[in-house]
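Undergrad: The lines below spell out each chain.
There are 2 protein chains.
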Amino acid sequence: MREDYKRVALIGLGLIASSMAHAMRRAGMKSEIVGTARTEKTREEARQIGFCHRVVETAAEAVQGADLVVLAVPVGAMGQVAREIGPELAPGATVTDVGSVKRHVIRAVKPHLPDTVHFIPGHPLAGTEHSGPAAGFAELFDNRWCLLVPDEETDAEALARLTAYWQALGSNVETMDADHHDLVLAVTSHAPHLIAYTMVGVADDLERVTDSEVIKFSAAGFRDFTRIAASDPTMWRDVFLTNKDATLEILGRFTEELFALQRAIRTGDGEMLFDYFTRTRAIRRGIIEAGQDTPAPDFGRIRKT
Amino acid sequence: MREDYKRVALIGLGLIASSMAHAMRRAGMKSEIVGTARTEKTREEARQIGFCHRVVETAAEAVQGADLVVLAVPVGAMGQVAREIGPELAPGATVTDVGSVKRHVIRAVKPHLPDTVHFIPGHPLAGTEHSGPAAGFAELFDNRWCLLVPDEETDAEALARLTAYWQALGSNVETMDADHHDLVLAVTSHAPHLIAYTMVGVADDLERVTDSEVIKFSAAGFRDFTRIAASDPTMWRDVFLTNKDATLEILGRFTEELFALQRAIRTGDGEMLFDYFTRTRAIRRGIIEAGQDTPAPDFGRIRKT
Ligand SMILES: NC(=O)c1ccc[n+]([C@@H]2O[C@H](COP(=O)([O-])OP(=O)(O)OC[C@H]3O[C@@H](n4cnc5c(N)ncnc54)[C@H](OP(=O)(O)O)[C@@H]3O)[C@@H](O)[C@H]2O)c1
Ligand SMILES: NC(=O)c1ccc[n+]([C@@H]2O[C@H](COP(=O)([O-])OP(=O)(O)OC[C@H]3O[C@@H](n4cnc5c(N)ncnc54)[C@H](OP(=O)(O)O)[C@@H]3O)[C@@H](O)[C@H]2O)c1
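Taken in sequence, the protein lines are chains A and B.
Residue numbering for the first sequence follows full-length UniProt numbering, starting at 1 and increasing by one per position.
Residue numbering for the second sequence follows full-length UniProt numbering, starting at 1 and increasing by one per position.
Okay, chain A solo, but in the shape it has when bound (with noise of 0.2 Å):
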């Protein structure tokens, strides 16, 4: 049975949080849905759309008499955040986040809040390379993974609530802890942007090829690591300032295996290079039988007919 919270305050209202409101919607949530974000731009923006019931001016204001508040803003800052709502907080209130990195969001937030509150870190594992209030849709949740981070204090009841409220936007919930989530999202996401960033901005540096041969011959595999590298400079700037560590030492272990493929070129090992290429397959084949990717070619970009 899901006990619906009674008013949600959503702080940002950008692509996550936006999406969230869609989501609870669909959901048949009879939750009011409080918004707040930075600028007026974005305020209106997310008022003309309609996604919330009210969209009030601060933060402070938006946690009045909530008993679930989602901070959904940039990781770099959550604190401040934290910081203007703890004196306002309801007592027995559910606080949790959708940050990208958990250990610093954790170390950031906790010491703000009001020891009355039940302060659950969470982690969507969904997003587009879209931000905005318009970026959101209902759909954006489904059959992903969202990650919270309870520790051995967490009100088990608080945490139950959580987890049906995720469900209900369509998530599979599951609980780790920070480190861990840290050191997971550094190698499936982190790195991986990382990377994206590096090689768009390698094309776009070189002098003998041309931009625009670069983009009019993108299709063979470069078009996808312009998408990720199209996400968000603020949040991403935040990633990898606050989950240094662990974006640092995977992209050590990716920098020495790519020098052991770049001696095997160079060696001609082709046979290491066949053996490597037939590895890297069965985790495709994986992650299309768990269900967290199409098996049609290209992502069914062609529409066969």
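Certain hints may be false.
[Unchecked claim] Lysine to any residue pairs mimicking SDA-like chemistry, simulated, CA-CA at most 25 Å apart:
{"#": "1", "chain 1": "A", "residue 1": "K244", "chain 2": "B", "residue 2": "G170"}
{"#": "2", "chain 1": "B", "residue 1": "K244", "chain 2": "A", "residue 2": "M272"}
{"#": "3", "chain 1": "B", "residue 1": "K41", "chain 2": "A", "residue 2": "K244"}
{"#": "4", "chain 1": "B", "residue 1": "K30", "chain 2": "B", "residue 2": "A90"}
{"#": "5", "chain 1": "B", "residue 1": "K30", "chain 2": "B", "residue 2": "E139"}
{"#": "6", "chain 1": "B", "residue 1": "K244", "chain 2": "A", "residue 2": "E249"}
{"#": "7", "chain 1": "A", "residue 1": "K216", "chain 2": "B", "residue 2": "E271"}
{"#": "8", "chain 1": "A", "residue 1": "K216", "chain 2": "B", "residue 2": "N172"}
{"#": "9", "chain 1": "A", "residue 1": "K216", "chain 2": "B", "residue 2": "R161"}
Since the hints were derived computationally from the structure, they do not count as laboratory data.
Go by the hints and put chain B with the ligands onto chain A.
TA: Using the frame of chain A, we list chain B with the ligands on its own:
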């Protein structure tokens, strides 16, 4: 006015050759399509699907009386196939290939061809991560580029005819010299593929993050790398071994940039990261404006209702 080839011989019956056959039929070409592949298994599969008029046992047999011969085998096998068909080619025939590397193919193929044929190397920039005769479909080349690599001696009429052929298959055609082709493709395709293979290999290797976690939580960026890294191991081994210099040059540039970004992360230089990530967005916009990818979020994987 398109003048259809009378008989087209497809040597190799994988993704590219089978897609060419489907596209020829879609275009209503009057050509007879004769195909062959290395193994009886593939030949039989192609017969079952029925995209060729005839499937024969050997390349030497397939090229008999053909006025267009298409080499659609892995780059490393082109030389041997050329040696096999050289003595059998009809005078005046056009020989082309679809290999992903051009300088090496020219060096390997040209010595085996008689002066009486027109050799015009080519490369359709279209593909998926699937391979084999069942992977082909008529739409593969639609709105994609096909690069042809004539030299000073190339017969203008033969070139015009091959250009019209690829256009009828759905492609836009451009000409380029072999060295420039290999450099452009190292940027837009070969380096990105090696990087994706490497990242997937790293994820598969880690002890503290399990494969099942990598698979489960892949939606945050990594899964796009796995699609690229699911491509055919033979094809890609050959590409790297035969486009060694350009690939290693681009990977060298990539490593330099990656080090600069790692340093920015380590020293907490948020401005450098923000500026870098802002610059790479422009390339993405260019690709979408050029019609080479969909602006739909997440490649349109998510169907909004
Ligand atoms: N996008 C993804 O793929 C994804 C996936 C999972 C998790 N996340 C995480 O979700 C969070 C939000 O991401 P998003 O994609 O929804 O971002 P977004 O679309 O860019 O929206 C960010 C929101 O935060 C507000 N904001 C920015 N800086 C602020 C500050 N200093 N103080 C107060 N509000 C501020 C913005 O308000 P203004 O518009 O008024 O500036 C905007 O409403 C981030 O922590 C991100 O790491 C993102
Ligand atoms: N896939 C792409 O994305 C893509 C895009 C553009 C260009 N290309 C290029 O197109 C060519 C073919 O690629 P594809 O994707 O069509 O490959 P594919 O689906 O793997 O098919 C390759 C074909 O070549 C035959 N073959 C393999 N080794 C051979 C050998 N030593 N001698 C004779 N025949 C041999 C195979 O026959 P069996 O099945 O009997 O072994 C098979 O019919 C490659 O040069 C590749 O670089 C590929």
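Undergrad: The structure should be examined with respect to each hint, and the outcome stated for every one.
TA: For each hint, the structure was consulted:
no.: 1; hint: A:K244 / B:G170; result: violated (47 Å)
no.: 2; hint: B:K244 / A:M272; result: holds (15 Å)
no.: 3; hint: B:K41 / A:K244; result: violated (51 Å)
no.: 4; hint: B:K30 / B:A90; result: holds (19 Å)
no.: 5; hint: B:K30 / B:E139; result: holds (19 Å)
no.: 6; hint: B:K244 / A:E249; result: violated (28 Å)
no.: 7; hint: A:K216 / B:E271; result: violated (30 Å)
no.: 8; hint: A:K216 / B:N172; result: holds (11 Å)
no.: 9; hint: A:K216 / B:R161; result: holds (23 Å)
In terms of the numbered hints stated before, the structure departs from hints 1, 3, 6 and 7, listed from lowest to highest.
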